[in-house]
Amino acid sequence: MPATIMNKVARLLLLAVLANPAQAQDDDGIFSHFKAERLEYETNGGLQLFKWDVQHWIGNDEHKLWLKTEGDYAGDQGIFGRADLQLLYSRNIDSFWDFQFGARRAFEPERTYDAVIGFQGLAPYFIEVDSALFISENGNVLGRLTLGYEILLTQRLILAPRIELNLSARDMQNRAVKAGITEFEAGLRLRYEIEREFAPYIGVDYVEEQSLLEHQHSLRGVMGIRVWY
Amino acid sequence: MIRKSAKLLLAATAVYACFSGGRQAAHADTYRLAINENTIALIGRPQAAVLADGSLPAPTLHWREGEQVTLRVTNNMQRETSIHWHGIVLPYDMDGVPGISFDGIAPGQTFTYRFPVKQSGTYWYHGHSGMQEQQGLFGAIIIEPIHPRQPVDRDYVVLLSDWPEADPHRTLARLKKQSDYYNFQKRTVGDFFLDIERLGFWATVADRLAWGEMRMEPTDIADVTGATYHFLVNGQTPAMHKTYLFRPGEKIKLRFINASAMTHFDVRMPGLKMQVIAADGQPVAPVAVEEFRIAVAETYDVLVEPQTERAYGIFAEAMDRSGYAHASLTPRNDVIAEVPPPRPMTLLTLAEMAGAHAGHTGHVLAEQPPSEPANPHAGHDAHAAKADPRAGHAQQAAEPGTHAIHPLLNYRDLQAVTPEHALMGPPDREITLRLTGNMNRYIWSFDDVKYSDAEPIRVKFGERIRFTYINETMMNHPIHLHGLWQYLDNGNGMYNPKKHVINVKPGQTVSVEVLADAEGEWAFHCHLLYHMDTGMFRKLIVERAADHASHHHE
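Top line first, the protein sequences correspond to chains P and F.
Every letter in the first sequence is one number past the one before it in the working numbering, and letter 178, counting from 1, is 178.
Every letter in the second sequence is one number past the one before it in the working numbering, and letter 268, counting from 1, is 497.
Just so you know, the hints here were simulated from the structure itself, not pulled from any lab data.
There could be a bad hint or two in this list.
To be verified - So the derived list for chain P, only partly shown, Cβ under 10 Å to chain F, looks like this: (1) L153; (2) I194; (3) E197; (4) F198; (5) W228.
Claimed, not checked - Chain F stretches covered by chain P per the calculated footprint, using a threshold of three residues with CB under 8 Å from any CB of chain P: (6) 440 to 446; (7) 677 to 690.
Even glycine gets a Cβ: it sits at the ideal position worked out from N, Cα and C.
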């Protein structure tokens with residue numbers, strides 16, 4: 001079995017390097033998918049944030065290299081609130097699911113490395129799921145769960161509710177992280193798909209943050225674009 | 230123009246056909262085709278196309294049953310090409326599938342195909358390399374029978390196809406990233422409330438939950454739709470007003486060929502009864518219909534006899550109703566038939582999906598479209614044929630063709646004209662092939678294994694194999710076997726029709742029998758281009774047994 005996987009990976013690399021042979025049935029092609037689910041400006045008057053949520057994968061049906069980055073930048077203060085980059089190997093394990101593992105590099109608020117393990121896919125009732133456990137250097141376990149859904153008002157006008165949950169198993173003094181739900185986000189975005197690949201949107205986000213230092217919640221308006229290719 | 234005027238003197242007398250714009254018929258033993266990359270402006274802006282002799286569609290080839298054809302195909306492109314002669318029985322190394330029958334035609338090279346023509350009827354040819362078929366590399370083949378059949382006054386090719394706005398590789402990439410990319414008929418919030426009005430609140434909720442649980446859409450009829458496709462008749466969009474001329478009282482044969490990459494069409498000619506006389510090139514007992522569905526890669530010959538001096542539309546709606554091809558059968562080129570009003574698409578049903586999941590319901594024998602009136606003979610026919618094929622024969626002799634007009638052609642209506650006695654008795658081998666796929670990730674397969682991961686299917690020369698296709702997906706799959714006929718088991722026994730493409734509907738189970746009478750390696754696949762390209766493909770090897778065991782067989 002490992003030999004088969006090694007074979008597959010070798011073949012994948014070979015295919016990536018060689019020109020595409022013009023066979024009638026080349027069903028093992030490499031595709032590459034960039035998707036900025038959210039590129040947005042978020043504000044509630046006082047606060048002014050630029051946020052991004054971008055993923056990019058490259059690979060064939062079974063094996064993919066998957067990059068994910070999320071973060072926010074406070075325009076008025078000129079600082080990053082949070083920014084991280086994940087580099088994952090993603091394996092298709094079921095019709096609707098990928099198993100993923102790899103590493104996360106957090107740049108803000110602290111520079112840290114975590115190991116990542118998670119599942120991404122489509123749950124019954126068309127719920128988009130992106131889940132991950134982050135195991136920090138000192139052995140703490142953090143979690144992130146994102147659920148998304150789409151409601152078609154028309155074929156191109158789409159209302160997309162979204163929930164993101166960030167969790168921690170323990171307190172982490174160095175990151176000011178408090179055990180439990182560290183961040184909860186519930187959003188509603190209304191996008192218009194000018195093209196499938198290009199959709200501006202407006203929406204609202206309710207954000208609740210809990211750290212060792214403070215607890216805050218706020219309702220924010222967002223506007224942005226969803227773009228992929 | 231189409232009929233051969235002079236007898237062939239010598240097979241060695243090579244007459245070189247000159248194809249000018251593909252309109253001209255060619256009567257010769259040797260044909261040349263030059264494959265080029267061209268730029269065409271079919272839809273108002275320049276697009277890349279792969280064409281034979283610069284023509285869309287490629288030139289119609291006229292062959293004669295019994296002749297030895299030589300086809301010299303020159304590749305003038307920078308990439309490999311190939312031509313496959315669809316539905317033609319020939320030596321496997323002439324079949325034109327790169328990686329199976331030969332190495333393909335390299336840039337700058339000429340490949341010479343040479344084979345005897347052992348059949349007659351309507352067929353077609355197309356590229357079998359990459360996406361070249363989708364880029365315009367397809368044309369009609371008409372083979373005149375040795376013994377001419379009933380004469381007609383006019384004989385036309387109606388070649389249907391789907392022309393994409395985007396490069397086909399890009400289309401495939403989009404499907405891989407978002408498989409419902411081209412579906413702009415999905416159910417909206419508005420439909421939800423309409424359904425509540427129609428069905429009631431709980432029934433609607435239950436319906437949405439059932440589809441949601443499967444993560445499927447009942448509007449998912451076609452993967453690639455009119456959102457990117459322009460539908461063509463002989464290379465012309467509806468706006469180009471393709472016309473076929475006739476005079477009232479004439480008998481006209483229309484040879485429908487579906488050269489689409491992805492589109493099944495529902496074809497009708499409002500105001501005219503169509504008599505289906507051949508399917509996939511093979512004569513069938515005439516069936517009068519108001520409408521027929523033509524799956525990708527199928528051909529149907531149809532007779533019409535318009536009596537009135539007016540234009541009749543040839544209207545081919547895409548199965549998902551996202552667009553149509555249209556032409557006119559008209560007494561004058563400047564008189565164009567009206568385009569009929571659009572019809573709503575037929576959604577997939579949960580029952581079909583139940584079939585797909587259980588895998589054993591909806592056998593072709595049980596299939597009957599709800600719109601069809603009860604035919605008192607149908608059940609009897611099927612029954613008799615099942616019990617004793619000769620009973621089916623008697624039935625058929627007593628009833629040459631059906632006089633009632635069927636609103637819709639059904640596979641069950643297709644009955645061969647000449648019996649095949651080899652279909653008697655039990656088959657030598659039974660092979661079940663599940664038609665499988667992952668719509669979400671856009672991966673298609675047989676038995677859940679893609680071509681690149683699969684072993685070939687091996688059968689012995691001379692065997693009779695019964696294939697049972699179980700469609701476990703929600704899409705139609707037109708299954709094409711190269712080099713060998715598939716005898717569709719539709720209950721007509723020895724009169725089961727032989728086809729090169731068998732369309733298997735969502736959730737349906739269909740059996741066919743194959744007489745492995747052609748040695749070699751054959752492609753066996755779903756003829757939806759993007760399904761074939763993503764793995765719904767097998768190699769079928771017909772081999773002579775090395776030991777003496779085969780003698781017992783023969």
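Hint check:
1. L153: With a minimum Cβ separation of about 6 Å from chain F (threshold 10 Å), the hint on L153/P holds.
2. I194: 13 Å, violated
3. E197: 8 Å, holds
4. F198: 13 Å, violated
5. W228: The hint holds - W228/P has a Cβ within 10 Å of chain F, the shortest such distance being about 7 Å.
6. 440 to 446: Holds, because 4 residues of the segment 440 to 446 of chain F bring their Cβ atoms closer than 8 Å to Cβ atoms of chain P.
7. 677 to 690: Holds: 3 residues of the segment 677 to 690 of chain F have a Cβ under 8 Å from chain P.
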